[in-house]
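Listed in order, the protein sequences are those of chains A and B. Taking the working numbering, I'd label the letters of the first sequence as residues 1 to 183. Taking the working numbering, I'd label the letters of the second sequence as residues 1 to 457.
Since the hints were derived computationally from the structure, they do not count as laboratory data. Fair warning: there could be bad hints in the mix.
Said to hold, decoys possible - Each computed PhoX-like pair below joins lysine-lysine, with the alpha-carbon atoms no more than 25 Å apart: (1) K174(A) / K121(B); (2) K121(B) / K66(B); (3) K320(B) / K161(A); (4) K351(B) / K248(B); (5) K399(B) / K248(B); (6) K78(A) / K2(A); (7) K320(B) / K412(B); (8) K399(B) / K121(B); (9) K156(A) / K66(B); (10) K66(B) / K174(A); (11) K104(A) / K129(A); (12) K156(A) / K104(A).
As the list claims (entries may be wrong) - According to the in silico footprint, chain A covers these stretches of chain B (three or more CB under 8 Å from chain A): (13) 58 to 71; (14) 253 to 259; (15) 414 to 421.
Heads up, the beta-carbon is just placed ideally off N, CA and C, and yes, glycines get one too.
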Amino acid sequence: MKKAVISVLGTDGPGIIATVTDVLYKLDCNIENVSQTILQTEFSGIFIIGMDQSLGEAVLEGHLRHALADRHMTVHVKHLPPAPPMECPTCDPFVITTRGPDQKGLVARITRIIADFGVNVTNLQAVFKGGDDPDANIMIYEVDIPVTTDTEALRKALRAKAAELELTISIQHKNVFEAINRI
Amino acid sequence: MLTDREILSVLEMLQNEHLDVRAVTMGISLFDCASDDLERFSANIQRKITRLAGQLVNVCDEVGEKYGIPVVNKRIAVSPMAVVGAPFNAEEMVVAAQALDAAAREVKIDFLGGFSALVEKGMSRGDLALMDAIPEALTRTERVCASVNVASTRAGINMDAVLKMGAQIKQAAALTADRDGLACAKLCVFANIPQDVPFMAGAYLGVGEADAVINVGVSGPGVVKKAIDRAVAQNPHLDLGELSEIIKRTAYKVTRVGELIGREVAQRVGQRFGVVDLSLAPTPNVGDSVGEIFQSMGLLSIGVPGTTAALAMLNDAVKKGGAFASSHVGGLSGAFVPVSEDLNISEAAEKGYLSIEKLEAITSVCSVGLDMVAIPGDTSAETLSAIIADEMAIGVINKKTTATRIIPVPGKGAGEHAYFGGLLGESVIMPVNTAAEPNPFIRRGGLIPSPIHSLRN
């Protein structure tokens, strides 16, 4: 068995997952993980599968393209080599939220600071409806901050950038959201 | 993964509804500081307080920053000074209070409670010395708070102590006449005082408690009000059962915040976590008021007919939600209706919707007592004692905590304004029924026996 990652992108509609998984089933592939989401009208799905050594990635991709031909979906299949043991630093999960007037480059400028501090974004949700209503323009970053990071400096840098962009920013440990919302 | 709704609702509570942790209070036992040498005693208590609480303020600020939830007040509650300092006379007790004040200043906390006596059945030498020292001690210190438990359901009401406290309150007011009797704002008279209250002025560390403990007072009247407003906007025909459910869920969330912060502070300062006090505690800010909750529930104002029923429901729902959210609930855990500290309640008093008699009535269903009530300065000590006795009776018979924190504002009459500043707020001076003076009943003294524990009507 070897592994592959499949990405499927295109206009959403009933039957996309059914079509993809039907192809996988018929080719004797085993689904290990799936994540899919819909942004406005667009479907995006990532599948990690196990497949027989003899099945080529290009062949699988061809079958999927054929099955999804009517829907004009973009499909890509990539070989997934066995993961090397990763040096995973001990991290604290935080949530960074910004609200404020919309302008181009908000995500780029905030994530640049996050990246410069070696912090990994694990989930990003952002809605920009445009205009000055802060509630219409929100970014929510779930991040893992290594315990070795100078959080004071990170907070300071983020707050300074937020002030420059006229954003209200909050940086909170994830536990508070779980404590309040979940039993 | 969190949903955006979960995250945004928390932000809403923080940014627009005044959600915070109202008080993190470190209880510190002073029994191992005891000495009959005043100088040594003072040095001992200062050393112990600064050793245990030296980092309290910093730790609370760090934890507050980590979770994005401000810890508004950091405080200390100590063992009852009347017991710890039993060998001292009144003058020496004042010096002990000053030592507490100095320690509080050194560790940068805003209030320290525990200048306290427990006299529900009788007054020992140390108790008498402390009670005699209260007016002077509260005048000469800035951060020390005093409390005297004069009654309990098990013991009855010590009317000698009640009588004495009426006089001490008058004297405390006279000594701080230039500040509208401010010393009285730091003095509570209790029935059934709990051992683990994190809120001032009634906080002290009970004799059955550990050497040090972290107790937390949550807040959140603004959060409860907005939750009710949102629900009513969605469904104007919401009935009271549904309203109660909304309050319950909101109290759950608010309490979880207190528990989270309290546990982390306790862990960082290396002390055990005690309790979360589920009281809705207002501040003199719009949107952070218990009084506004009554209006959101549909009453014209706190004080009008229907108030007692509304408070009974509000408080019960808060307790139910809070009890589910935390395994260790304690302290007062009842809504506060401090007149001067709640903008809306002081307005209700000013407009005449709320009288002292109605305030007293609502304390029977669950608020904690006649709290921060400014009354005319010429109210006699006897009438003050009589008001205290009435309030104590409600606590004793209903097996609950009640308290009074009354300020007879020197030189001012009903309808004038008293200003206490900061969190203590300001209020119109409420009229008092003085028709009963002189009052031989109060002057009889003695002990009103503890009530019968059957025949519950």
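Going down the list of hints, with the structure as the test:
The hinted pair formed by K174(A) and K121(B) fails the criterion: a straight-line CA distance of about 50 Å is larger than 25 Å. The suggested pairing of K121(B) with K66(B) is violated, with an alpha-carbon distance near 47 Å, which exceeds 25 Å. Note on K320(B) and K161(A): the hinted pairing is violated, with a Cα-Cα distance of about 43 Å set against a maximum of 25 Å. For the given pair, K351(B) sits about 31 Å from K248(B) by alpha-carbon distance, which is inconsistent with the 25 Å threshold.
For a cut-off of 25 Å, the pair hint linking K399(B) to K248(B) stands: about 23 Å separates their Cα positions. In summary, the hint linking K78(A) to K2(A) is supported, as the alpha carbons are separated by about 11 Å, within the 25 Å threshold. As the CA atoms of K320(B) and K412(B) are separated by approximately 42 Å, the hinted pair breaks the 25 Å bound. A hinted pair counts as satisfied when its Cα atoms are at most 25 Å apart, and K399(B) with K121(B) qualifies at roughly 16 Å.
For the hint linking K156(A) to K66(B), the alpha-carbon distance of about 13 Å falls within 25 Å, and the restraint holds. As the CA atoms of K66(B) and K174(A) are separated by approximately 9 Å, the hinted pair is consistent with the 25 Å bound. Of the supplied pair hints, the one linking K104(A) and K129(A) holds, its CA atoms being roughly 12 Å apart against a limit of 25 Å. Taking the CA atoms of K156(A) and K104(A), the gap is near 22 Å; set against the 25 Å cutoff, the hint holds.
Counting residues of the stretch 58 to 71 of chain B whose CB lies closer than 8 Å to any CB of chain A gives 5, which reaches the minimum of 3, so the coverage claim holds. Under a criterion of three residues with beta carbons nearer than 8 Å to beta carbons of chain A, the stated coverage of the stretch 253 to 259 of chain B is upheld, 4 such residues being counted. With 0 residues having a beta carbon nearer than 8 Å to a beta carbon of chain A, the stretch 414 to 421 of chain B misses the requirement of three or more and the stated coverage is violated.
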